[in-house]
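Colleague: Construct the complete structure from the given sequences, taking the supplied hints into account.
There are 4 protein chains.
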Amino acid sequence: MNLPKSLRKSKLLKEPEDLGFGTRLTESDERLINPDGSFNIDRIGLRSWTPYQSLVEMSWPKFFLVLLSFYSAVNFLFAFLYVLVGVENLAGAEDPALGMDLAEAFFFSVQTLTTVGYGAIHPLGLSANIVASLNALVGLMSFALMTGLFFARFAKPKAQVLFSSSALIAPYQDGWSFQFRIANKRNNQVINLRARMIMSWIEEKGGEKIRRYGQMDLELDQVSFFPLNWTIVHAINEGSPLNNRTQKDLERMNAEFLVLIEGYDETYAQMVHVNRSYSWRELQWHKRFKTMYHSSKGGRIVLDLSQIDELQ
Amino acid sequence: MNLPKSLRKSKLLKEPEDLGFGTRLTESDERLINPDGSFNIDRIGLRSWTPYQSLVEMSWPKFFLVLLSFYSAVNFLFAFLYVLVGVENLAGAEDPALGMDLAEAFFFSVQTLTTVGYGAIHPLGLSANIVASLNALVGLMSFALMTGLFFARFAKPKAQVLFSSSALIAPYQDGWSFQFRIANKRNNQVINLRARMIMSWIEEKGGEKIRRYGQMDLELDQVSFFPLNWTIVHAINEGSPLNNRTQKDLERMNAEFLVLIEGYDETYAQMVHVNRSYSWRELQWHKRFKTMYHSSKGGRIVLDLSQIDELQ
Amino acid sequence: MNLPKSLRKSKLLKEPEDLGFGTRLTESDERLINPDGSFNIDRIGLRSWTPYQSLVEMSWPKFFLVLLSFYSAVNFLFAFLYVLVGVENLAGAEDPALGMDLAEAFFFSVQTLTTVGYGAIHPLGLSANIVASLNALVGLMSFALMTGLFFARFAKPKAQVLFSSSALIAPYQDGWSFQFRIANKRNNQVINLRARMIMSWIEEKGGEKIRRYGQMDLELDQVSFFPLNWTIVHAINEGSPLNNRTQKDLERMNAEFLVLIEGYDETYAQMVHVNRSYSWRELQWHKRFKTMYHSSKGGRIVLDLSQIDELQ
Amino acid sequence: MNLPKSLRKSKLLKEPEDLGFGTRLTESDERLINPDGSFNIDRIGLRSWTPYQSLVEMSWPKFFLVLLSFYSAVNFLFAFLYVLVGVENLAGAEDPALGMDLAEAFFFSVQTLTTVGYGAIHPLGLSANIVASLNALVGLMSFALMTGLFFARFAKPKAQVLFSSSALIAPYQDGWSFQFRIANKRNNQVINLRARMIMSWIEEKGGEKIRRYGQMDLELDQVSFFPLNWTIVHAINEGSPLNNRTQKDLERMNAEFLVLIEGYDETYAQMVHVNRSYSWRELQWHKRFKTMYHSSKGGRIVLDLSQIDELQ
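Residue numbers (this note's numbering), protein chains in the order written: chain A, -4 to 307; chain B, -4 to 307; chain C, -4 to 307; chain D, -4 to 307.
Watch out, some of these pointers could steer you wrong.
One copy or two, either will do: identical chains are not told apart, so a pair holds if it fits within one copy or between any two.
[Stated by the list, open to error] No farther apart than 27 angstroms at their CA atoms in a straight line, the calculated lysine-lysine pairs in the DSSO-like style are these:
no. : residue 1 : residue 2
1   : K151      : K57
2   : K200      : K285
3   : K200      : K282
4   : K292      : K204
5   : K57       : K153
Simulated from the structure, these hints should not be mistaken for lab results.
Modeller: See the structure below:
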């Protein structure tokens, strides 16, 4: 039992193209990278939760919900405190239309927390003044957090790389090639773009399944600029893991083609990384991409992103 | 029809110096990189719009216009809400000089949104207080955005590299060289400066035009510091795409010289990238740059940026 | 006296794997890197103190304490100023419940510093108005600092790498290996993870102790993704500093195994570095790690972080 | 006249160790890098001024002066506007103690600009309300700038590398070496520290002076950690530009030793660069550094920064 394991283990470590997935992920129906770039993996146990990350990455509606709940909660908390020290210490808090003390205290807390401070209501006496002082301090600090998060979400860089929805087995020179293409959906400059491609498949080894990986060399793996689309081409030759593979083979092997793309985003002045994968199901055989740009009058080039999937 | 295409395609991928422009941009009158570093390319179709980017990159007048419009719009929105719940719920809102309810409500919203909250006007009753609470919250969040953008614009790093307005074919050792020079317009330190140069031209291949690229090796392609001007020199020898080219040749080939410069800006602690190109029209033949610095008394060096184009 | 010293010195400089610790740290009971990644070194003398760093790195309770003290201090300071210029210049400052002038001035300062400005109290006359103007300015600037620090602390990236609490001497291929494993506790993506390992030990050289270092080559020293656990393996062969070492040897040598891990954190868009060390005491001999993930129904993988130390 | 020039030019470009200073800086009394790391170079002409940079890099007193001037200026501006539309439109602005209209308007502007808004004074009528609305908007935007700059200054990373005030010609192995040492003044972690050293001197070439550069190879040019001091050693052998140089030689050559150090600062999560130079005047011959750390009880190491210059 031990030996084969340690052997498998050694094989894992010998796979130079192992991307960190290892050789054990062999459920035939799963893929390593989803089309959106995420992994099919759940963490349980000691996982640590980072509030900043969740608050920055949650959806906008959820974020605003959190915001509103927090806003109400803090104001209710202070409302209770004001009631505790006695609402009679809030001068001017006898709005007949409002009546209820707690409501008075709540809206006074709002006015203090947001530092609006109309003053129609204002604290009297030591205790009320102390609570109000804390109320304002808490307001400034917590709004620093909320507004900071709000801006961080708004300013968060997103690489907007458009992928062709399928990859092609296209004619190339006097043979065939694996091709897909990408384009920048944004008007910003992404520079020094690098691409890397790896084929992953499942193999029968002495009765047990093992996941294999193979580098797919690219004709061009880096471009300085990304003004147009970039067609990424892997020539299928002796060295290629695709060599002599038929459509049937790839299905049987549950072949998946992992794409790693990174570049430097000048708008956000940082590296951006995009991952994607094409499964054997997303391959089109013996097709070729149509050019997706043309010259307009005035000598400018027009890149039509909607044509990313146009084939011929 | 297909074969030559795939051939062209292969040639594209074989061009090691292709910067991402490909081989199809062959309108004789266009250039790849404008003097300001931008590209002659428009995106249409699925292009995605990033508000942050546009707001950070738009002109200052446009930004302030957006700011003012947003400011008025939000206040009008809340003004309507106050009118909806009844302006009679805004105590003290009976400024005779102002008269109109909407105006009252508008300026009360301003006072709440900005958290100034004079209090001469203040909300009464539940509904007015709720609107005011939202008004303040919206104010804090939206000002977080506006002020954040304002600061981001102000603090945005800009590489201030001054280029000689024309490139020279200058004597060099016992032959000729292609030269241009750059200087740092700012007083900050840009370090580990790297330069790269590529010549692009259009070629007739079997009846159809194709764009070619050729690396231009530099005598010195990196400097650790950038205290003075840097004269970037490409020696014209056998290896050079400029070898044996006459002025006429370059015009016929619509030659363009692409310059990629990157360095680390210490003030902003990040990499900065500058692109530029010189077209055959911006070449001066058989000239040489004048030194643009001299020693002042006190042993200091004076670099006179206004002399960047001084030739001899 | 000199010669041996200069020799030792030269040896220090010849140790290619010296990580910056040098060869003199030979107190047998100390370790170079604590389990938490810190060093056993104290700085005295000219060390310079950076307020930003301390305020960002101190514990949360301590930070809030600093915050509150600062808040009170500044308000007391301005309270004194108001008393100096005469509290009679603070209109409306005759709260019977509060009585004392200083208290009045203190809470007025709070209302001004936080820009709440109820207005029930407001300055009259030139001097009081000037103090109040400074009070508000100081408030805005100092809260900028406090809120900025608060957010910086909250948003500070932390690499959450979980290490197996002990390293193993595990079977590997037909021999033995040194192994430990790590996993990402967070759900964010850490990419391009690199690992480096160095063994450090103390040696008797001509009557005096000297600290030695030796590179430990890894079967795989880089992974593109970090979706699961990563078992880092050093094969024990001729080249290894562990070659033919018994448990007794390592104890005598006070062996320590230094681990340097770095990767790019996509949530915070920056490099993160984690250091750790395993001492000879934290070695387990002739054990092997249990797999810590399994396939759940639905073809997803479940990584159970609580099993990081499970052996077989 | 031309030929020698182009020859010199070529030599400039052939100096692989030229750091960007070129070969023309030959005033015998000047040094390239001042002890504080700055250059002896002034920019004139088209230099562009970046407000952000100046405001971040100016001294603290100067910054606060700018802050106060701006604060007063803006408030005076709005004060005039209020006077223009008539101070009678500022209800409650009849503070006898203050008297003068402009003063009233000024302090009302302060209360609006800082969003304190006591409300004792508040605008009446359309024009006054409009001015006040702008006043608050300008306040929020300009304070965003001022507070942002304030925080940026406070949080600006500074590499606090302590250099030995002089470099040594110290015994090394069976010969001599050029040595200096550095230590980290802060308690933060600087990692992956790299050092580079270049000797620069002035040479007589065919009647005219020219500046030369020569790489100085280091025994160890990189350390992973920087927990203690780092003694940087260049062995003087055949390859060294210092080979067979006497103290007199170096004086005649006006020798300067340029030091470039860079590392990754973990507190600020960015690269930091430090430059320094030692002139021939700052050399000490035939000395050796004393160790600057010792073990304290408890097995901790104590690094005494005040001993950086201790020699033996």
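Colleague: Between K292 and K204, at a C-alpha cutoff of 27 angstroms, which is it: within one copy, between copies, both, or neither?
Modeller: The answer is between: 18 angstroms across copies meets 27 angstroms, while 58 angstroms in one copy does not.
Colleague: Given a CA cutoff of 27 angstroms, do K200 and K282 count as a within-copy pair, a between-copy pair, both, or neither?
Modeller: Cα proximity of K200 and K282: across copies only (25 angstroms, versus 34 angstroms in one copy).
Colleague: Treating 27 angstroms as the Cα threshold, decide for K151 and K57: within, between, both or neither.
Modeller: This pair counts as both: shortest intra-copy Cα distance 17 angstroms, inter-copy 23 angstroms.
Colleague: Tell me, please, which holds for K57 and K153 at an alpha-carbon limit of 27 angstroms: within, between, both or neither?
Modeller: both (19 angstroms within a copy, 24 angstroms between copies)
Colleague: How would you classify K200 and K285 at a CA-CA limit of 27 angstroms: within, between, both, or neither?
Modeller: between (41 angstroms within a copy, 21 angstroms between copies)
The structure agrees with every numbered hint stated previously.
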